[in-house]
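Protein chains in written order, with my numbering: chain B, 4 to 301; chain L, -19 to 278; chain R, 28 to 284.
Simulated from the structure, these hints should not be mistaken for lab results.
It is possible that some hints are incorrect.
Claimed, not checked - In silico DSBU-like links for lysine-lysine, alpha-carbon gap of 35 Å or less:
| id | chain 1 | residue 1 | chain 2 | residue 2 |
| --- | --- | --- | --- | --- |
| 1 | R | 199 | R | 217 |
| 2 | R | 199 | L | 70 |
| 3 | B | 121 | L | 93 |
| 4 | L | 70 | R | 217 |
| 5 | B | 36 | R | 156 |
| 6 | B | 100 | B | 177 |
| 7 | B | 121 | B | 177 |
| 8 | B | 36 | L | 70 |
| 9 | L | 93 | L | 70 |
| 10 | R | 82 | R | 199 |
| 11 | B | 36 | B | 121 |
| 12 | R | 156 | R | 199 |
| 13 | B | 177 | B | 36 |
| 14 | R | 156 | R | 217 |
| 15 | B | 100 | B | 121 |
| 16 | B | 100 | L | 70 |
| 17 | R | 217 | R | 82 |
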Amino acid sequence: MNQLLSVGVDGLIYSAWLFTAALGLTLIYGVMKIVNVTHGSFYALGAYAAASLTGAWLARGYPPMLSYLVLFAAALVVAVLVAPLIERGILRFMYAKDEVVILLITYALFLILEDVIKLVWGVNPYFIAEPYALLGSFTVGGLAYPTYNLLLIALALVSGLGLTWFLRGTRVGKLLLAVIHDPEISRAMGINVNRYYLVTFTFGSLLAALAGAFMAPTVSVVPGLGVEIIVLSFAVVVIGGLGSLPGAALGALIVGLVRSISVHYMPEVELFVIYFVMAMVLAFRPRGLFSLAEPRKI
Amino acid sequence: MLLAAGPFIPQWAIFIITIAFAKGLVALGLMLLLRAGLISFGQALYYCLGAYAAGALGRFMGISDVLAQMLAGALVAGFAAFILGFLLAKYRGIFFGLLSLALSMILYGLLVKNEALGSTDGFNILPSTLFGVRPGPEWVRYAVLASAAIVSLLLALAVHRYLATPLGRLAPAIKDNEIRVEYMGASARRAVHVKYVIAAVLAGVGGALAATTVGHIDPEMAFWTTSGEFIFITILAGTGSVVAPFAGALIYGVIHTTAYDLSPNTWQMSLGLALLLIIVFLPEGLWSMFRRRYARHP
Amino acid sequence: MPAILDARGLCKTFGAVTAANEVSAAIERDSVVGLIGTNGAGKTTFINMITGYIKPDRGSIAYEGRDITALPPRDITRLGICRSFQIPQLYRSLSVFDNMMVGLGIVLRNAGVAGFFSLRDGPVPGYGKSAPEVAEHLLERFGLADYRNRDAQVLPGGARKLLDIALTMVAKPRILLLDEPTSGVSAEEKFGIMQMVLEAVRAEGATVLFVEHDMEIVSRFAQRVLAFYDGRIIADAAPQAALGDPEVQRYVAGTRA
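The following block holds chain B by itself, in its conformation from the complex (with noise of 0.2 Å):
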């Protein structure tokens, strides 16, 4: 029983990071039709943008409590500044392309960015264990969890639940949602198409750098982190259909729990499951499980 407690916890604490971490990937398809591969390299910035920063403002003896601002003020500041220079730069020029060669362009920004990574942050690991471990712990069923944990929880709840008010709820939300239906037609209706994909790519990103600065104090920040996220995100939004925020939440409570199961039970096929899952979906639902209708080709 008390197993089955803690699968339940550690697959529901894995899937709120999966969750956070692939639902801007998810938004940035739905509105931008890119599937977007520097989505990882945001990640990874992320992390070692809080790891600096974090690290930096511990070391002067500033408030440790305020150190989780610090993370969220981090992955803003990457957000902001790297992720306009990218989609103004180099992907609004791409958007005529095929999906998959804007895919390939978005690869070899990834490539690029690891090593900017590399260079700026160099390759030996930073640690940053205060802010997991300032909060203390709770325990559930006998075991012992960092409250830290339920901070990852509101954060994905917060980022989802915040998208789909903002989606929903608001005039620039629908406006949105019709961009999302035909950038032509929004374009001819005057509706800044441009402005929507900017802030889009940039909020998406934003995403990403949270969930890998709030990682940070989790981990130790080594290259090769974006390597992994991505490619785990990519599962996720695949599992739940590209571009669907449910999609999104429904994938990562499905990789997190299976992955969190397979620990418990059988490690041995721990990194199988999650892409046997994503395989099995593609097989019986090829765009995921909440999916559009194709439209009329003749």
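Start from chain B and add chains L and R according to the hints.
For chains L and R alone, coordinates are given in the frame of chain B:
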């Protein structure tokens, strides 16, 4: 020419050239798919299967003949692709890429946790033999190179011939307009299936060749970044000729080695920049530069 | 004369829309039939059902006495029922000549003349000539010889339509379904194109069904007219009789009422 020059090429160059043949074979297969508009983000699956087939031959049966290894790689990869092809041949665009990615990650997940096959460390391959003879240490690499050159030449000729057949010529038609292909009485799905199997066989041979050349195999060979490398070579080369993938692989090998020697932390950046520039300015690949020049001076 | 194509009781609904409601028609060999009706009346749905792109909910389609209702498009094409498209479906990055050669390659392979792995090009069935010769012959017939080496994506509208129809001819169709062969073509060119198409098609010997909105073209070229309205056939007669039918005048021809 290469064969005659062989004994005079330094050992390190023999290594680079042999690996270029191995990766060139994989890229040749990707080129077939790319001509039909398909990009596989999981060709590492067959590269890795080929390598492990070659490795298993030595580990469990004591066979280390280079040609037998390549044959085993081809058979295992080809058989796997024949089965998986029933699933994949339905998919196009992003979904073809993502499903092939998932499949290769499944293999990665399996190998990483498989103790019998050395898990993350992989295992060493027995020293290569040729027709039952084990060449002296200074001749081993040359013997492998010679086998690689001859096998690659034969396979490239076979693919060249295939491109001129009605099925080979169907590739750009499938890319352009699948509806029309069906309405002219051909099955695009079957054509894609055939191409997929051919591509896998080529990747399997390439994987076996790489295994025997390096003398060691590990699950990294199935990781998505390996597939990314093959895509890079294919895009670099273009689809203009069956020679292009080998030229592309050699250029890649040289860039990789020199850039890595000069600055180990920025070689990916050079690759990313090169990929970006080629997609934007030479969408038909480096090979198109030769063709243009050739066309100007007929 | 026996019917070459026999559609019986075809029904098809898309959600709340009824696209075909008990559509029945027997088409005689070597006839030229015009399909008329407003947009959404069910003409294209009829063609899509005959060529296997959509399956009817009910009803059957027989070709020379053989039931073809469940076959996929490529098998129907192989039997000799070919179609053109309202929006031309071309291989846009290939030259006009290569567009024809791709089609001829499929025909040769389907006939077993050239295996998918063999290079030996035998004569194209029905034409008795090699594939390049047939390509040249058809391009000549459809007035496309001048565009031979141009990429399909840069062709002018009229030439695109003609190439779309020429592509259907490579398989030597027994029945040809033309979906609005003159749409997107200027008024002056319409008659010329229709004339050329029908001459070319008749010379190769095929039964023709064509969808057309221009009643003058219908009355000039069709021997028989099927008028569609709301998923049903409301008139099936010779052109003069069909176009004179009061229901057809009210729902289809419109202006003459």
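Q) Holds or violated: residue 82/R with residue 199/R, Cα cutoff 35 Å? A) With a Cα-Cα distance of about 25 Å, the restraint between residue 82/R and residue 199/R holds, given a limit of 35 Å.
Q. Does residue 217/R pair with residue 82/R here, judged by a C-alpha cut-off of 35 Å?
A. holds, 32 Å
Q) Between residue 36/B and residue 70/L, is the straight-line Cα distance small enough, at 35 Å or below? A) holds, 21 Å
Q: Would you mind confirming whether the straight-line C-alpha gap from residue 156/R to residue 199/R stays at or under 35 Å?
A: holds, 13 Å
Q: Measure nothing beyond the straight line between the CA atoms of residue 156/R and residue 217/R; if it is 35 Å or shorter, mark the hint as holding.
A: The given pair, whose Cα atoms are some 31 Å apart, holds under the 35 Å limit.
**Q.** Straight-line alpha-carbon gap residue 177/B to residue 36/B, limit 35 Å
**A.** holds, 18 Å
Q. Straight-line Cα separation of residue 121/B and residue 177/B no greater than 35 Å?
A. violated, 40 Å
Q. Is residue 100/B close enough to residue 70/L, meaning Cα to Cα at most 35 Å?
A. holds, 23 Å
Q) Is it true that the CA of residue 100/B sits at most 35 Å from the CA of residue 121/B? A) holds, 30 Å
Q: For the pair supplied as a hint, residue 93/L and residue 70/L, confirm whether the alpha-carbon distance does not exceed 35 Å.
A: At roughly 31 Å apart (the allowed maximum being 35 Å), residue 70/L and residue 93/L satisfy the hint.
Q.
Tell me if the straight-line CA distance from residue 199/R to residue 70/L falls inside 35 Å.
A. holds, 29 Å
Q) Between residue 121/B and residue 93/L, does the CA-CA distance stay at or below 35 Å? A) Roughly 29 Å separates the two Cα atoms, so the pair holds.
The structure is inconsistent with the numbered hints 4, 5, 7, although it conforms to all the rest.
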